[in-house]
Structure formats: structure tokens, C-alpha cells
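Based on the sequences and whatever the hints tell you, model everything.
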Amino acid sequence: MSSLAPKTSPDPARPSRLAGLAGLANNPAFRSALVQLLVFAAVVAGLIWVVSTTADNLKRAGISSGFGFLGQTAGFEISQTLIEYSRSSTYARVFWVGLLNTLLVSVISITASTLIGFVVGVLRLSSNWLVSSLAAAYIGLIRNIPLLLQILFWYIAILMPLPGPRQSYSLWETFFLCNRGVILPRPEFHPGSWLILAFALLAVLAVIALVLWSRRRQRLTGQRFPTFAASLGLLAVLPLLGASLAGFPLTWVIPELRGFNFQGGMTLLPELIALILALTLYTAGFIAENVRAGIQSVDRGQEEAAAALGLRPGTIMRLVVIPQAMRVIIPPLTSQHLTLVKNSSLAVVIGYPDLISVFAGTTLNQTGQAVEIIAMTMLFYLTVSLLISLFMNWYNKRMALKER
Amino acid sequence: MYVKTTRHPDLPPPLSEVGVLGWLRKNLFSSWLNSLTTLAAAGLLLAALPPILNWGLFSANWIGQTKDACLPPQGNPDGACWVFIRVRFDLLMYGFYPLAERWRVVLTFLLLVGLGGPLILSTLLPFRERIKQSLLLLLPLAVAAYSLVFHGILPGLAALGLLLVPELLGRAFKRKLLPPAMPPWLRQAVFIGVPILVWFVVSRAMQSLDPGAAGPMALAAGSLAFLIFALSGRSVTSWRFALLFTLYPCAAYLLLLGGGLGLPLVETDRWGGMFLTLVIAGIGIAVSLPVGILLALGRRSRMPVIKALCVSFIEFVRGVPLISVLFMVSVMLPLTLPQGVHFDKLLRALIGVSLFYAAYMAEVVRGGLQAIPKGQYEAAEALGLRYWKSMRLIILPQALRLVIPGITNTFLGLLKDTTLVAVINLMDILGILKSALADSNWLGYTKEAYVFAGLAFWLLCFALSRYSMHLERRLKTDR
Numbered sequence: 001m002s003s004l005a006p007k008t009s010p011d012p013a014r015p016s017r018l019a020g021l022a023g024l025a026n027n028p029a030f031r032s033a034l035v036q037l038l039v040f041a042a043v044v045a046g047l048i049w050v051v052s053t054t055a056d057n058l059k060r061a062g063i064s065s066g067f068g069f070l071g072q073t074a075g076f077e078i079s080q081t082l083i084e085y086s087r088s089s090t091y092a093r094v095f096w097v098g099l100l101n102t103l104l105v106s107v108i109s110i111t112a113s114t115l116i117g118f119v120v121g122v123l124r125l126s127s128n129w130l131v132s133s134l135a136a137a138y139i140g141l142i143r144n145i146p147l148l149l150q151i152l153f154w155y156i157a158i159l160m161p162l163p164g165p166r167q168s169y170s171l172w173e174t175f176f177l178c179n180r181g182v183i184l185p186r187p188e189f190h191p192g193s194w195l196i197l198a199f200a201l202l203a204v205l206a207v208i209a210l211v212l213w214s215r216r217r218q219r220l221t222g223q224r225f226p227t228f229a230a231s232l233g234l235l236a237v238l239p240l241l242g243a244s245l246a247g248f249p250l251t252w253v254i255p256e257l258r259g260f261n262f263q264g265g266m267t268l269l270p271e272l273i274a275l276i277l278a279l280t281l282y283t284a285g286f287i288a289e290n291v292r293a294g295i296q297s298v299d300r301g302q303e304e305a306a307a308a309l310g311l312r313p314g315t316i317m318r319l320v321v322i323p324q325a326m327r328v329i330i331p332p333l334t335s336q337h338l339t340l341v342k343n344s345s346l347a348v349v350i351g352y353p354d355l356i357s358v359f360a361g362t363t364l365n366q367t368g369q370a371v372e373i374i375a376m377t378m379l380f381y382l383t384v385s386l387l388i389s390l391f392m393n394w395y396n397k398r399m400a401l402k403e404r
Numbered sequence: 001m002y003v004k005t006t007r008h009p010d011l012p013p014p015l016s017e018v019g020v021l022g023w024l025r026k027n028l029f030s031s032w033l034n035s036l037t038t039l040a041a042a043g044l045l046l047a048a049l050p051p052i053l054n055w056g057l058f059s060a061n062w063i064g065q066t067k068d069a070c071l072p073p074q075g076n077p078d079g080a081c082w083v084f085i086r087v088r089f090d091l092l093m094y095g096f097y098p099l100a101e102r103w104r105v106v107l108t109f110l111l112l113v114g115l116g117g118p119l120i121l122s123t124l125l126p127f128r129e130r131i132k133q134s135l136l137l138l139l140p141l142a143v144a145a146y147s148l149v150f151h152g153i154l155p156g157l158a159a160l161g162l163l164l165v166p167e168l169l170g171r172a173f174k175r176k177l178l179p180p181a182m183p184p185w186l187r188q189a190v191f192i193g194v195p196i197l198v199w200f201v202v203s204r205a206m207q208s209l210d211p212g213a214a215g216p217m218a219l220a221a222g223s224l225a226f227l228i229f230a231l232s233g234r235s236v237t238s239w240r241f242a243l244l245f246t247l248y249p250c251a252a253y254l255l256l257l258g259g260g261l262g263l264p265l266v267e268t269d270r271w272g273g274m275f276l277t278l279v280i281a282g283i284g285i286a287v288s289l290p291v292g293i294l295l296a297l298g299r300r301s302r303m304p305v306i307k308a309l310c311v312s313f314i315e316f317v318r319g320v321p322l323i324s325v326l327f328m329v330s331v332m333l334p335l336t337l338p339q340g341v342h343f344d345k346l347l348r349a350l351i352g353v354s355l356f357y358a359a360y361m362a363e364v365v366r367g368g369l370q371a372i373p374k375g376q377y378e379a380a381e382a383l384g385l386r387y388w389k390s391m392r393l394i395i396l397p398q399a400l401r402l403v404i405p406g407i408t409n410t411f412l413g414l415l416k417d418t419t420l421v422a423v424i425n426l427m428d429i430l431g432i433l434k435s436a437l438a439d440s441n442w443l444g445y446t447k448e449a450y451v452f453a454g455l456a457f458w459l460l461c462f463a464l465s466r467y468s469m470h471l472e473r474r475l476k477t478d479r
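Residue numbers (the numbering used here), protein chains in the order written: chain X, 1 to 404; chain Y, 1 to 479.
Treat the hints loosely; a few may be bogus.
What the hints assert, rightly or not - Calculated pairs, BS3-like style, for lysine-lysine (alpha carbon to alpha carbon, straight line, at most 25 Å):
1. 174/Y - 132/Y
2. 307/Y - 374/Y
3. 389/Y - 176/Y
4. 447/Y - 59/X
5. 374/Y - 476/Y
6. 176/Y - 307/Y
7. 342/X - 434/Y
8. 132/Y - 342/X
9. 389/Y - 374/Y
To be verified - Here are some of the chain X residues that sit facing chain Y, going by a computed Cβ distance under 10 Å:
10. 35
11. 129
12. 136
13. 156
14. 378
15. 398
Hints listed in this document are in silico derivations from the structure and should not be mistaken for laboratory results.
Glycine included, every Cβ here is placed at the ideal spot set by N, Cα and C.
See the structure below:
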């Protein structure tokens, strides 16, 4: 590009030292300090102005600032609460209920979308033309449609028009699907159930110990132990053993249709299902692309070398390609997880009681404490973002290429 | 004894390795596991595709004016009711923009095509430069002719004038307007002083003639004066580009909002539909890129105060969801303004969306800046270029070219996220869909509505991503 070429212009004879003001104006250090001072002063002045007008406006509107409102009674129902909550609970409780609901959706969707994303990403690179085209079509479709539209589609166009409880679809008369959501059997714990929990915990500990032991054994002797099958067995048998020791204290309450609704059982709200479906499928499309890029970044020679050593294709993928691809995948994967947590705030459009909906929505409308509520909400998201990226940075460092 | 003295010609590959059969064998049935997968995938397709195609195309109802056209005696209830979309199409496109004024929306869009179209075409067509220049002129002329025929004399002439401005100015100011020997401070004074003078005079003159049009007209005149000094001696393409970001927004503002030049005022709360979505996306894109570049430069600045400010802004914005930012601008921004100052709801959404995406854009651009070798910075410095000049001429052109995919991704994200403004009660395409679905004459056609909107977004995003891939390839081969 010709316009990029520097234009040669005769350098005007410049006196070696400019005196006084002009010299000071041309001094880079002085100029930089001056600019910074001016910007800083402007920002501080702007902040002071904003704070003072806000305080003024709040005083005029008769809104007292501060966090006193958190102790007041909320007085509204929330359709899904993970912790005890009623109309007479406080706004602080509302905050926690919303926060936990957001976390519930985020954790489920992060897990599911990572799994689906990995599978689709690997399928995208399959040598089978049909399979890889299907994966490509899925990625191309899902990534180019707004998430909000997908949430609304699942909720309003798919789940809402389902038949009512009386005509619901059922699986073995135990699981039901209708416009009230998915109704599942509810576990009921009787005294002694702690034993099951204790044995489950024991099983997890045993699996960890088993994995460590088998790794050490393989390193020392080269013999391999069927860790995966053994772990599955442990995880299944030990809690069952605990249950039988305590005399099977756990019963399942099967939902039953009584009148116009189901009694007993546990309901997954359609809002929750729509949100999880949309978030999972949408994010999986992005993760699949990250996974594909990661796998393609691994040198083909690695795969061929592993094949030459006699490893099977599945084993090559698991032991050679994926561990190396992870280094490329993890950073974008982290940002996908972060985006997912933030995207879960779209719950507000379908009325799922997440943090934004119950706190920055209903509570804000009832109390008018905009500044405090928005600040608390943003602080929560900032904290989650920070925690996820800290964890992922730690993991990334652990996985990074160790150069000696 | 027979001795073969010539090389035997190669035998053709076995039939099972070439042609359709070979392709099938290699790509679909290379092993028994592969064959099984193929069969499973084909089964899945066969199970899923026919019902979908049947619903959307073969049994769908296309003709008619009322809901009855989709119900049993006349229509097929198993198929999609596209009649609903057809009947409500204008609403979905323009929202509640007054019927008599909708030509203004169309004209604004056409002006965009006339001004921006040649820019995009010039990257798509492989013609020789001179043929290209004259061919590219056809598009603005066609747009002007169209508006002359369909919108009347005055709009047509205005469109012609606006669309030919870059051509005329490009030819009129082939030479630099200001002599090169001019001292820099005088040059800068002319650059800034004359446009302000023009702006002042025009705004004063218009104030008495037509107060509604004074603002945009004065702004257009001022920026035109500035461009004449800044762009003289450049190609027509640079004029087109510059005018797209100065003259066009002023014209679009005047056309869409009205309130001057005999155009009735259309308040922004009547804007809606796809039109509003595109307005938000367009302005968001146009604002977030330059602001993002400034933020990225600030983040890499050597001045600690500037750096700290930029870093904290970027990290804060990237840590919170767009919805909470939109809530903030819609609930908290009015609280921070003095009494009597009122911000339009659309303007608030625009501020929120633009600043939010500027932070993401900043991170993308920073990636490009970091990828430029240090030698380039040092070479620019060694040539005696000041900071801004070296950034503008050396660093940014290279850095931005590197991050075209990232920039496109951010644009796509912005385009898709414009749907979130429905949360603060703006009537973008989703808001309009909601109100169209609430119509008691058309209850229950939710699937059609969302599939239509999804298709519209898919087309837009797909076209944008394909164009960016093309641009990337083109800029790469230029090297």
C-alpha cells in the first residue's frame, strides 16, 4: 500500500534546545504526565458529578440508600427454591435463592455442554462423511441463531403447547412430561439414610485411592488395572451396601395424577428445562468448534507414531491426541463456560427465577434500590467469572507443556 | 524370446476405489464400525427430516389472509401456517412505524446499499480498477433511480445527491488542498477551525429555517468540510468509506426520526421489528469497533493511569452479563442524570450494547496488537513517526488484518445479542413477535414465528461470516 510509505519531508532546522514553554510542551515525559493528570482529573470529576446527582435524585425520590432493605420481608412467591423460602422471607433470602438457581442452571449446562461439545467436535473430524456433515450442520445452525430466540423457541413453541397433566406423556407411569414440566419420582429419606450418604462418600474416596494406586502400579510394573470398570462397580455397590445395612431407608414417591395436577413426585419446571436445553445446545456448538480446532492443532505425526506403536484409534484419541489438544482447548473452553454463566441471565425472559429475575427484577421493582441491587448482582457475576478463570488458569498451568 | 522394451501403461485403479462407489467406500463404509455409524446417522436423518420438511414445506399453508386458511376445511393443520408470517410481515419488518412513513425506512436502507454497496462489491469483484470504478457507479445510480421512481422527486434527488457526493468530491479534490509547506499548527487549526465555523454558520442559518433539521444538517456540513481537508488527494473509495461514517448517519437520523424538512416526527418508541434490530446492530458495530480500538491501545499504553482505567473498564464489562448492563443503563442511568435531562430508551440501549461490545472488541484488537513484532513498532519510531501516526499507518492496518475472524465473531455476537433489548421493552424483532403472537386472531402459531425469526438471523449471520472469510482470504493473497 503506497499510502503507508513514510513521506520524506525536509527536517526543519531545529534548535537543539527549545527554551521555556515550547520545550516543556515537546518533552515526552511531561506530555505523558500532563495527559494522565488531565484524564484522571476528568474521570474523578465525572464520578463526583455522577455520585452527587444520583444522591440528589435519590433524595428527591425519597429512596433511602444503603443495604437496610435486605432485612425487609419480600412478600412474593418464587416458583423454584433450592433452600427454604416463603413469602415472609427477607430480600436477603431472595438474593440467595436466585443465586442458587443461577448456579444450578450453570453447573448442569456447563457439564452437559462440555460433554456434548466434545462429542460433536470429535464427530466433526470423523472420517465418515455423513457423520461429519451432520456435526457441521448442527454447528452451523446452532451458532448462527440468537440464544434468546432458542430459549423462547424451546419454551414457548415446544414446551408450552404440550398437553396438560391429564393428557401428559408418560414413561412406565412413573415419569411424566406435560406443560407443567417433567415430573419425576421424589426420593424420601427416612432415618438412617445418612448411612447411604456415608457409604457413597466412602466409594468416592475408594475410587480416588484406586486410581492413585493403579497409576503407581502401572508406572512401576507396567501392568494395567481395569480402573474404570472397578470404579463403576465400587460406586454402585458401596451405596447399595449402605442402604441394605440401614434396612433400605430410601423410598421413592411416585407422582400421581389427582384432579388437575400431580401429587407427590418432584417437578422440573418447563422454564428450567427450556433454559438448560437451549444453553447446553447453544454452548455445545461453540465448544465443538474449539475442540475441533484443538484436535487439528495436534501434529499428524503424533497420531501416526501412536498408530505405529500399535495403539487402537480410540486409545490414540484418548491417550495421545486429546491430552495434547487440551492445551489449545482449555483457554477458549474457559471463556465459553464464563459466557454460559453470564448467558444464564437470559432466564429472565421466560420467568425462570434466577438472580436477575428475582433480585434485579422483582426486588428492584418493589424496593427501587437500583444502585445497591445492580451492584450486588454485578458483584456476583464478577466473582463467579473470577473464580472460574482462576480455576481454569490453575488447571491450564498444570496441563501446560513442561519444558525442561 | 519376448523382451518388453517399453513401460507398460498403468492399469486403471480397481472400480471399487474410484467414482461414486469408491467415494462411498472411502467416506462411508471403510470399516464395519464405520458402516454401522453411517447406517445409524442415515436412520436418524430419515426419521427427522421428512416430518420437518413436511411441516415446513409440503403440507404448509401459504395462501390466504386469515387464520381459517390454515384450519381444516381449507388448509392443512399438520403443516406450518406461513400465512401468519405473510400477513404480519410488514409488522415484523417495520414494527409500529406509521404506514405512510415506511418509505423512509426503505430509503434509508437503500442509501446504505448505495453508499456501502460499492465498498463491498469492490472487495468481491476481480475487475480491473478502471472498469470497476465505472461499474461500481451503477449501484448508486440504480438506487437513486429507484427512489426517484418510487419515492418521488425530492427524495430521489436527495438520494442522487448523497450517493454521488463521494464520486464528485473524489474527482474535484484530486490534489491536496493545503500546501505541504504549511506549518503543522496552522494545518491543524484549519482542519478543526473551518469545520467548526461551517457547523456554526449552518446551524445558525438552519435554526431559523427549519429547527428540526438544523442539528443533523449542520453536523453533516461540518464533517464534510473536515473531510474535504483531510481526504483531498485520496481515492474515491476512501471518500465512500468516510462518508458512510459521517454523512450517511446524519441523513439516516434525519430520515428515520424526521421532525424537519417536512418529514413528520416518528418517535423511537414506534420503531420496531427487524428494522430496529438492524439499527441497533449497525450502530453497535459502527461504535464498538473504534471505541474498542481506542480501549485496546489504552490497555497497551505506557501511561499507567490510562492503562489502569482501560483495564478496569474492559475487565469489569467482560465479567458481567449484557442483561445486567442493559438493566443498569435503563434503571441506573436515569438516576445519574440531573433533573429534566431525559435519555431516549433506544439511546440508552445503544449506549449499553456499544460499550459492552467495545470491551470485547478491545480484547480482540489487543490480540492483534500483541501479534505485531516489536521491530515494527521500533521501525515506525525510527522513521520519526509520532504515536498516533505510527499506529494509524503501521501498526493498526497490520493488526486489524490479523484479527478479522475475531472481529467478525464479535460482530456476530453483537448481531445476535441485539435480541436482548427486548428485555428492556424495546420492540425489536422478538418484541414484535411477542406482540404479534398475543393477537387473539392468531393464537398458537408460535413455532412458525420463532422458526421465521431464526431463519432471518441465520441468513444474516451466515452471510456475514462468509463475507469475512472471503475478506480474510483476499487480504492474505494481497501480500
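Now for the hints, and whether the structure bears them out:
no.	hint	verdict
1	174/Y - 132/Y	19 Å, holds
2	307/Y - 374/Y	19 Å, holds
3	389/Y - 176/Y	18 Å, holds
4	447/Y - 59/X	48 Å, violated
5	374/Y - 476/Y	21 Å, holds
6	176/Y - 307/Y	37 Å, violated
7	342/X - 434/Y	24 Å, holds
8	132/Y - 342/X	47 Å, violated
9	389/Y - 374/Y	16 Å, holds
10	35	7 Å, holds
11	129	4 Å, holds
12	136	12 Å, violated
13	156	5 Å, holds
14	378	5 Å, holds
15	398	24 Å, violated
Of the hints listed earlier, those the structure fails to meet are numbers 4, 6, 8, 12 and 15, in rising order.
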